[in-house]
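**Student:** Residue numbers (the numbering used here), protein chains in the order written: chain P, 24 to 266; chain F, 256 to 533.
Watch out, some of these pointers could steer you wrong.
Straight-line Cα separation of at most 30 Å, DSS-like style, residue types lysine-lysine; simulated pairs [what the hints assert, rightly or not]:
| hint | chain 1 | residue 1 | chain 2 | residue 2 |
| --- | --- | --- | --- | --- |
| 1 | F | K355 | P | K40 |
| 2 | P | K144 | P | K203 |
| 3 | P | K248 | F | K404 |
| 4 | F | K404 | P | K40 |
If you are wondering where the hints come from, they were derived from the structure by calculation, not from laboratory data.
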Amino acid sequence: MSALTLKNLDISYGDTKVVHGVNLDVPEGESFALVGESGSGKSTILRAIAGLAPEWTGEISVLGKPRTHGVDRNVSRTVQMVFQDPYGSLHPRKTIDSALSEPLAIHGIGNRGERVEAVLKQVGLDQRFRFRFPHQLSGGQRQRVAIARALMLEPKVLLLDEPTSALDVSVQAEILNLLKRLRREQNLTFLMVTHNLPVVSFLCDRLAVMRHGKIVEIADVAQLKQGDLKEPYSRELLAATAA
Amino acid sequence: MSSPLLEVENLRVSFPTHSGRVEVVKGLSFTLGRERLGIVGESGSGKSMTGRSILKLIRKPGEVTADKLRFEGIDILDQNEKQMRAIRGARISMVMQDPKFSLNPVMTVGEQIAEALVTHQKLGRKEVQQRILDMLVAVRINDPERVAKLYPHEVSGGMGQRIMIAMMLIPEPELLIADEPTSALDVSVQAQVLDIIDDLVTRKGMGLILISHDLALVSRYCDRILVMNAGRVVEECAAGQLDKAQHPYTRGLLAAMPVIDETRDELPVLDRTQWAGT
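Throw the hints in and build the complete structure from the sequences for me.
**Tutor:** Listed below in structure tokens is the structure:
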């Protein structure tokens with residue numbers, strides 16, 4: 024079954040239309056990347072799926088069920104998002120424990136203490152971090168917390184918006200390994216936005232190249248590895264990375 | 256060989272904390288001729304502090320000491336603020352990371368570039384205008400008359416960064432320090448911006464210090480590379496020899512980067528206990 028299906032998706036912010044007629048199908052268990060430069064609309068697609076950009080027309084289906092506009096509880100249970108900047112995406116005055124418990128409280132799930140402990144273990148954070156504040160953690164540790172928070176509701180799909188671009192190379196490697204392991208262990212589907220093609224090569228199965236709000240090419244990661252992309256713009260991106 | 260542009264010997268930068276002074280740069284030495292030097296390291300390795308101390312931009316309570324910190328024979332540590340202002344911008348200039356925060360939001364692009372120029376040289380208005388337009392063309396802005404009248408929020412990130420480069424290069428400095436000049440930009444724009452810097456630096460025979468966390472990028476645009484970790488230089492090598500790097504930290508960094516034809520199932524992670532002295 025498809026985890027995510029987008030049909031003729033147009034997304035606007037006010038009067039400005041930023042995504043034009045996107046069609047995409049991501050099967051369950053796949054790791055799919057959206058690449059392209061700033062302003063190409065790739066993050067906007069993630070935001071629309073998560074319910075953060077409600078002005079869209081067309082169809083967004085999650086696990087076969089069409090989603091409504093805006094925030095939707097059932098969608099939140101299956102789809103969660105990890106944001107780019109671990110410094111900005113955690114509440115500075117909430118402890119890690121309360122940040123991780125919040126989704127459970129919203130959805131009325133019990134056993135919170137044990138669940139928080141379990142998820143910290145999954146993302147490779149020591150229990151001593153549980154009652155600390157975000158400013159007491161490094162960037163890599165914060166991104167682990169952000170991933171942990173996304174995993175709290177045991178979702179099927181993770182939307183990853185440049186999850187490693189604010190991190191150092193060696194920390195990026197740790198987070199990429201973590202994401203790869205989590206996907207394997209929990210059979211997650213990834214839809215990841217990035218402009219780093221080597222990261223796509225490491226973590227993804229397929230990719231879509233976007234420009235000016237449109238998908239210009241969908242390719243297999245094997246094609247990326249061999250430098251076998253068809254569209255001139257995709258080749259340009261590849262050349263900028265590989266040179 | 257002519258005397259070096261910049262000589263640094265035993266540079267130390269420290270900041271006070273509750274548990275005594277902490278050194279963030281611990282005895283750094285290098286010399287720079289009219290060449291392109293890359294300084295690579297991760298967050299907190301002291302690379303930006305090194306760049307800032309060359310321009311004497313570290314404010315109290317930070318403290319900079321060095322056995323030698325000379326730029327073309329001038330002892331930087333001996334200069335007072337007024338003398339430093341004659342050096343900053345005119346002879347050594349610095350391109351910062353993020354154009355969004357480094358450009359003045361209430362001045363047009365043209366005014367800002369003009370300010371950089373007239374602070375250091377007395378020129379007629381027509382000549383200033385001409386120099387600005389020429390400079391904008393040099394950083395490959397197609398429509399310089401229009402762009403000069405725009406405000407920073409009206410230009411894209413890549414264009415903003417090119418404007419900043421124009422501003423830094425218009426007084427024709429002898430040394431350019433670029434601190435992560437492209438990390439706020441897209442990959443496709445990164446190469447363009449670096450090509451412009453590279454071209455201008457080579458053409459004018461300037462010295463360049465490129466500070467970055469991106470090993471691949473630095474090895475592409477520099478002649479020589481210093482790898483820093485925890486305030487010290489752990490490795491110095493020619494850019495072309497990077498793949499033959501010896502130090503476990505450098506090798507670890509290189510291995511941790513995914514490549515475009517990635518086949519490894521897991522990326523090797525740095526074992527920080529191996530060499531960290533602190």
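**Student:** So which of those numbered hints doesn't the model satisfy?
**Tutor:** Number 3 - this is the single hint that the structure violates.
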